[in-house]
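> Keeping their order, the protein sequence lines are chains A and B. All residue numbers for the first sequence refer to our numbering, where the first residue is 1 and numbers rise by one. All residue numbers for the second sequence refer to our numbering, where the first residue is 1001 and numbers rise by one.
Hints may contain errors.
To be verified - Taking lysine-lysine pairs in the DSS-like style, the calculated list, with each CA pair at most 25 Å apart, reads:
| # | chain 1 | residue 1 | chain 2 | residue 2 |
| --- | --- | --- | --- | --- |
| 1 | B | Lys-1215 | A | Lys-382 |
| 2 | A | Lys-251 | B | Lys-1094 |
| 3 | B | Lys-1241 | A | Lys-382 |
| 4 | A | Lys-395 | B | Lys-1241 |
| 5 | A | Lys-425 | B | Lys-1241 |
| 6 | A | Lys-425 | B | Lys-1215 |
| 7 | A | Lys-425 | B | Lys-1198 |
| 8 | B | Lys-1198 | A | Lys-395 |
| 9 | A | Lys-269 | A | Lys-382 |
Said to hold, decoys possible - Sample of chain A residues lacking proximity to chain B, with all beta carbon distances greater than 10 Å (derived):
| # | residue |
| --- | --- |
| 10 | Arg-277 |
| 11 | Gln-317 |
| 12 | Ser-656 |
No lab work stands behind these hints, which were simulated from the structure alone. Glycine included, C-beta positions come from ideal geometry on N, C-alpha and C.
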Amino acid sequence: MFCLFSRTQFALLGCAIWLTVGERVPSQESDVDGASKPSNQTLAERGASIYRDSCANCHGGGGEGVASAYPDPLIGDLSLGELTKLIHDTMPEGEPGQCVGEDAEAVAAYVYEQYYSPAAQVRNRPPRIGLARLTGNQLRQSLADLYSHFGGVADASEKRGVSGTYFDGDRFKKENKKIERIDPVLQFDFGKESPGEGIQKESFYILWEGSLKVDRTGWYEIIVRSTCSFKMDFGKSERLFIDNHVQSGDKTEFRKSLMLTAGRLYPFKIDFIQRKRKTELPPASVSLSWVKPGGVEEIIPTRHLMPVTGPGAFALQSVLPADDRSYGFERGIAINRQWDDSTTSAAIEFSQIATTELFPRFLKKHKDEPNENRAQLKAFLKEVLETAFRGPIEKELEQWYIDRQLERTDDDAEAIKRVLLMSLKSPRFLYPLADSGRSDSQLAADRLALVLFDSLPSDEWLVRLVRQDELKSPDQIREAAKRMVRDYRTQAKTQQLMQEWLNLAQFSEISKDQTKFAGFDAALVSDLRASLDAFLEEVIWSPESDYRQFFRADWSFATPRMTEFYGEAWKTEDGQTSGLARTVADTRSRHGLLTHPFMMSGLSYHDSTSPIHRGVFLIRYMLGRTLRPPSDAFSPLSPDLHPDLTTRERVELQTSSENCQVCHVKINGLGFVLENFDAVGRLRETERNKPIDPKGSYRSRADENVSFQNVKELADYLADSPDAHRAFVSRAFQHFVKQPPDAYGPNALNDLVKRFGESGFNIRELIVEIAIIATTPPENATPPKES
Amino acid sequence: MHPLTSRRDFLIKTGVSAAAAHFLYSLPSLGWAASSGTPKKKRMVFLFSPNGVIPKHFWPDQLGKEFELKRILEPLADYKDRMLTLHGVCNRIKGDGDGHMRGIGCLLTGIELFPGDVQGGSDTPAGWSMGISIDQHIKNNLQSNPETQTRFGSLEFGVMVPDRADTWTRMSYAGPNQPIAPIDNPYQMFDKLYGQSKNRELLASVLDDLTADFKKIEPLISAADRRLLDDHVQMVRELEKELQTELVQQNKQKDVGHAVPALAANVNEENNNIPQISKMQIDLLVSSFASDFARVATFQITNSVGQPKMRWLDIDEGHHELSHEPDTNEAAYEKLIKINTWYCEQVAYLAKRLAETPEPDGQGSLLDNTTVVWTNELGKGNSHTRDNIPFVLVGGGCGFEMGRAMDFKGVPHNRLLMSFSESMGIPVKSFGNPNYCEAGPLSGLTASDA
């Protein structure tokens, strides 16, 4: 029963995806109508032919108007009925009565649909770079960088783990330092023994320092388990996070949740102390775990730990409303009170950290400079403002935003709050593209930071280039973009691109029938997710950065749990017994992300595969093609009702009608090719004692018919197909720039795809190219130069 | 059997609080409740100062109504007929932890400390208290009743409490192993109390300048994009109007005691600012009561083993260090009297502010309905005794018969904690370790008892 229910839900969800996530489908309404009422089709054709013959002369072939006859475009807000009557009564001009009744109806329907209606107007508007406010994510990142402007951003580093310094005795005493090493994870059970040579077991102190590398924005729960006294700073040194200075009774578990921002390093420090006491000593143990967004509790893996402590980071805790995604990428276009309130709480939250951390740091740095008339406070606020507003501010603004606010209060904290409340709610901060009039270098820096970091330019080196006006020439911009692509902030944004390209949000919770797939539990799913993330990251950030590896790689990453569940092919290269490690090569079962068990199980039902979900995923996301929604919601046929049929046979049976076949010929042809992978992504040769038939086909944009004998041929096709390249490039452009590619010129997308090929499908170079296009204003946006 | 005792027993047996019983059964008004109209508010403040007192200059010699105020208590002269001194109440809690730790950790909890790793100067190491403190117990009960519920229930104030969480720095507990950190930064407390409305006020005042800047930025936006910005400006204007209405409302309320107090600017948390911080915190406490944000508060000046250097009294040594000096050290002895007198001045200032602030509902002053309990972790500093813990009560919240000096001649302080609970309308069979509670609440505190 549960199974059937989830199936129905899944099917309905499938339809909902078609309806909402789609690229702009030209006139959904008429398509759906067209499918069910063929007579409308004839009506539209009739209307088109009447328009061509009798209307185009005066109204233009595309409804744009004709200067000498009727110059205005055919747009308006009459209803279809009113428009029909108008045509019936008045058209053609001078000869009313020529186009009446069904003719008027037909031509009205055609005009309305093609040019006239509000929907048609939007559709026909040429793409342009639209003004948008900061999205939630951009606001988060911008504030994080506004904070980092004063202390810097941690550099990328290959080192992983936590630095541990072990002392004899219960405090920091240089001469008692016994061990200095990198611990890969924090999970120790010393029992009643000494933690290392030269250290007495009844009294020791261990200092662990490192940074938490966060790749995804969301709520994280940090869990420390400790039988001894400990204190933990997080986010910045001296920012106390968990205080268990007193070991008391059997209180040994400490949990705390907070919102963390992707692409940032959060320094942390743990002081772990076994104190000598007169009573019996408890055994000493400590561990550091987390629950990632959507994950399960686990010891924080080595790949997220770095043995360095950077300058500190700010993670906004205020809840921000979700952004518009109607175009398939986030855009800041919703202006409402909920959003406005969230900007207020964000500004207030930031003013607190500015008061407690940034201003004291500023004072310390400038302690030898004069401070008459609150000169230091003014200088600090000016620096904040110029960073938030992306460039120098004129005298008048300084008076509005700073001087006038300072006059109203003697209290420094309140002054900071006033200024930040005003400036972080100002259009100068909230609308990053409302910066015309800035220097070319400033404009370039603004766009680079927005496109690559979702943020504002605040790094010292970038600000310096702007100040020296050295970010003008294409070479200078390219150089800067290349440097920024290596940054964790771009890496985080690229990881987000992967979520969108692979539509991973759709399979947030994967669970399987335990009678068929015993052992496939939440912990395994969490490992699969981590494995896919690690694989994608490795492909993108390896020296080759070759997109084709997404489909051709015969290696992946695995944990011991995965090896145990999936067997030989998922053994790790070095036989590592904990954490994620690279797997051995396996050309038979592994074709990059295409056959990754996270994808395969996500694109399956609770108890069986779903060639339809797999096919829709391939055609929509990997090949970037449009699918119309089905005319009705269907529940898939239950396997139990057709015990003799394979999944392929059952799907063929259900989608065999002519109506279904219009789309399913495309969907099934791709989805069936993955039938060698069961509902948890294990390789299989047979189903219900019949051999698997993985043959399939695809008709490309260029109308070329491609057939596949097996999954390898499909993987090769996806690696080399122009359709797939275009889909990836287009998705990447929209994700990074948050504008339609066509707004940057009619050939912008084609050129990018071409250059992508020329670079050997180098993903990092693609990101640089995208940033450069976004930085260089499209030709049609600049006034023609006089010759 | 005493009538009050039987009523108390009845309430304990039926398992309802006095206030709830009053509400549910329409019982004739109880001895400690208001006699007419809306029930009177009852409030309690537990004010802590550290390191024991100088008993000779603290405790009145004469018991009863004709008691005299010794030097340390002199600042309370104006409230002599509204105060009670309770000699002979002892913190008998044994177990882990040194004298100071048990002094503060068991003071309001009446129960032992968990074994732990905080090693004091002597005795065994210990952790946090094993039980809830009386202030939190009263708070929980008040909060569970819609009639006595307030926004915060309780507020925990501190004055220069060291920035470290250990047994010596915590006196209030939400439960076993759940110490509550007092807020010792007046600005942080202000933010907790008034942050929201203050932020709205600030927002209202910057919006005007902000709208002006929207105008300035308009020409930079292309006509096609203007719509988004217009929507934004429109929304800002609406918000402005809404905030104006709100502020007018707020100003009206100021007349009935809901004023947002003004704090001195830029007072850092440092030793020499203790007098100023203490005053700011007391002002905030009084205004939070006037606004009925809470009915219970703790007010912790420094901590057990606290080391304030009272340079404003020309004393350069830390308080704890001085408190170890033998009585024969005359200079130290004199300084300790001065230090304790200064603490008493804080109690007096609190009493004064409460007395001069009228109850918002017009029934007398805040002090009429608030009992301030001034206490300490030790009876005497240099002996570390927890016998004769200083308990000085000021004000009328508990309904005790005031204007007296009393001596209980060595009773466990758990019984006093039970009396506090009962007087706040929550009769209990025990509080903290039940072994010290068998004799029940202290008798003789209320007029009917006496």
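> Indicate, hint by hint, whether the structure satisfies it.
The hints, checked one at a time:
no.: 1; hint: B:Lys-1215 with A:Lys-382; in the structure: 22 Å, holds
no.: 2; hint: A:Lys-251 with B:Lys-1094; in the structure: 21 Å, holds
no.: 3; hint: B:Lys-1241 with A:Lys-382; in the structure: 30 Å, violated
no.: 4; hint: A:Lys-395 with B:Lys-1241; in the structure: 29 Å, violated
no.: 5; hint: A:Lys-425 with B:Lys-1241; in the structure: 17 Å, holds
no.: 6; hint: A:Lys-425 with B:Lys-1215; in the structure: 14 Å, holds
no.: 7; hint: A:Lys-425 with B:Lys-1198; in the structure: 17 Å, holds
no.: 8; hint: B:Lys-1198 with A:Lys-395; in the structure: 29 Å, violated
no.: 9; hint: A:Lys-269 with A:Lys-382; in the structure: 33 Å, violated
no.: 10; hint: Arg-277; in the structure: 4 Å, violated
no.: 11; hint: Gln-317; in the structure: 15 Å, holds
no.: 12; hint: Ser-656; in the structure: 49 Å, holds
Comparing the model with each earlier hint shows violations of hints 3, 4, 8, 9, 10; every other hint is respected.
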